[in-house]
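Engineer: Read off the chains here:
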Amino acid sequence: MTPEQPASADVISIGGIEGRSPTQLAWERLKHDHTAWVSAAVVGFFVLIGLLAPVFQRLVHTSPDAFHPEALDANRGALPLGSFGGMSGVHWLGVEPRTGRDVMLRFVFGARTSLSIALTATIVATIFGVIIGLLSGFFGGKVDQVLSRIMEIVLAFPSILFALAITPVLENLLQSAGLQQGNQTRIPVMIFVIAMFGWPYIARIVRGQVISMREREFVDAARALGASRAHLIFRQILPNLWAPILVTVALNIPTFITTEAALTFLGAGVIEPTSDWGAMLLDSVPFYSVDLMYTFIPGMALFLLVLAFNLFGDSVRDALDPKSSR
Amino acid sequence: MFRYLVRRIIGGVLVLGIVSMIVFGLFFALPADPARLACGKSCTPELMARIRHTLELDQPLAVQYGRFIKGVFVGRTYLKGTAAELHCPGPCLGYSYQTDEPVTALLKDRIPATLSIALGASVLWLLVGLTSGIVSALKRGTWIDKVSQSIALGGASLQIYFVGLVLQFIFVDKLAWFHSPGYVSPFSDPKEWAMEMILPWITLAFLLSAIYARLTRAGMLEVMSEDYVRTARAKGLTSRRINFKHVLRGAITPIVTVFGLDLGSLLGGAVITEYVFNIPGLGRLATDAVSNVDLPVIVGTVLVAAFFIVIANIVVDLFYMVLDPKVRLA
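Chains as they are written, first to last, in my numbering: chain A, 1 to 326; chain B, 327 to 656.
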């Protein structure tokens, strides 16, 4: 030990021991997680190409809906000319069989559709799920029984099947309310259907957390001070729930992205001429044995995006809750 | 235990009742006009009026629902007391607008294909998922663990409608190892049945076993650190006995839950799988019914699927009681 200064004072003077909030700790852990960075970069890449779709359109001087018969081989049933689905300097990712539409443009504009539907559905489902979960957990008793039963019923519905079946019904309803046929009604219906089957998962998690928190001292203290119920729910309990909510949201987005693609793939989603990854996969079905590239591009993108979201969700969970770490 | 079972079954029946009411209400009350849908292309106002009367669509919705439910349990008779009297024996779900066949017959027709997919695939994915999960947990941190974890993560992020097409391209079109997927009865031609089913099985098993591998691994690692496992080890039990009798049993509960729900929803129609591989099962019946707006068939398939999900939930809860002594008291 040096005679000039005690070691502990030294540590304090350089700020070695300082109070750090759980958020800061989580952020520290996340910052040093390579998987988190790589997966966030992949997600960012897909969001970026979606945002930059009009720029791509400028670059290749065509539109996602323009037909290019000159890129097709009329002798081979209008399949793309050249190998790998007709990849060339003009059409970077090839062209669509039979129509010759530019695959890259359909892909980048498809990213817009797929991601914006999935993200909107996530927001709707999260808000609804969190509110229901808070009410159910906080009030307990009859309220909880009724809300839990509703969740049970929603979860008993065969979701994909019911979503398929309900789409034309809801579409009819929106059309009679004055909306136009086509994607103007299809997209709101899809968002509603995806959110409708997504919220109970969030609500159940929030409910469980609220039940474990409702009797804690800080809530009791606020109650003793005469705080209103709304204050207790939204100002005392909700701020403590953002970690589990964030993890659920991160792990929900990929599910919603694939549900959106699946619904479109099954014919209950976005329709022509708007492009969408699920629609590209559906369009590729008749050609997969002769032009696999056309199936491969949206399929692989969907895989990478979902994988990145899953990895990122796992990283966020590990950062927020070190106990769950692998 | 018996009282618990009875309570669960009553709860399940209630849930099904509400599901049926919602489905019935939505599909028969909302869309333009069921009679017009049933009437088809060469429709005249007289024909439409007759259909409306025949299908009892001129009755109030509550009466229609009551007769529908009665039909499900004891059968029903359309146009009672007239020359055109038509008896539909229970369980009666009405007649398809498209083919005029009884919905029950259509469903019965399609169940074997769906059953083949679901049972074959579930055996495969349990086998693969549990094995790789167990191996991963026992060889934690080794390359075997890392490879199997990566495959599991990949499988969990892949989609049937992509993998199905790619596998079909490789194994049917290029290598010609398997036959083009479809369905023949295993009782008439078991070899052909397996050859046509194997691709859907592999696809589903590849995607679903991933979840089981992760669950098994995580569960086993958690149980391995429990005191009772240390006790078992201290008693001098062989590690094989410890791993299978104590660790695996402790880790199996969440796996049973997920398995029950997966199997239940698959039995109600593997919608996407059947669509991708063009297999005539319940899911394909449903997607076709949706595109034809064949309401009675839609209602029938949704109800059957919900039935399987509810049953699966009850069976899962019963398994809990057998596997986990802590639940038995509840």
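Keep in mind that the hints are not guaranteed to be accurate.
As the list claims (entries may be wrong) - Pulled a few chain B residues facing chain A out of the computed Cβ check, cut under 10 Å:
#1 VAL332
#2 GLN385
#3 ILE486
#4 SER591
#5 LEU608
As the list claims (entries may be wrong) - Which bits of chain A does chain B cover? Going by a derived footprint, with three or more residues having C-beta under 8 Å, they are:
#6 158–166
#7 257–265
#8 283–293
#9 306–312
If you are wondering where the hints come from, they were derived from the structure by calculation, not from laboratory data. The structure displayed is predicted, hence computed values, not measured ones. Cβ coordinates follow ideal geometry from the N, Cα and C atoms, glycine included.
Engineer: For each hint, tell me whether it holds in the structure or not.
Structural biologist: Status of the hints after comparison with the structure:
{"no.": "1", "hint": "VAL332", "in the structure": "violated (18 Å)"}
{"no.": "2", "hint": "GLN385", "in the structure": "violated (21 Å)"}
{"no.": "3", "hint": "ILE486", "in the structure": "holds (8 Å)"}
{"no.": "4", "hint": "SER591", "in the structure": "holds (6 Å)"}
{"no.": "5", "hint": "LEU608", "in the structure": "holds (9 Å)"}
{"no.": "6", "hint": "158–166", "in the structure": "holds (count 7)"}
{"no.": "7", "hint": "257–265", "in the structure": "holds (count 4)"}
{"no.": "8", "hint": "283–293", "in the structure": "holds (count 5)"}
{"no.": "9", "hint": "306–312", "in the structure": "holds (count 4)"}
Comparing the model with each earlier hint shows violations of hints 1 and 2; every other hint is respected.
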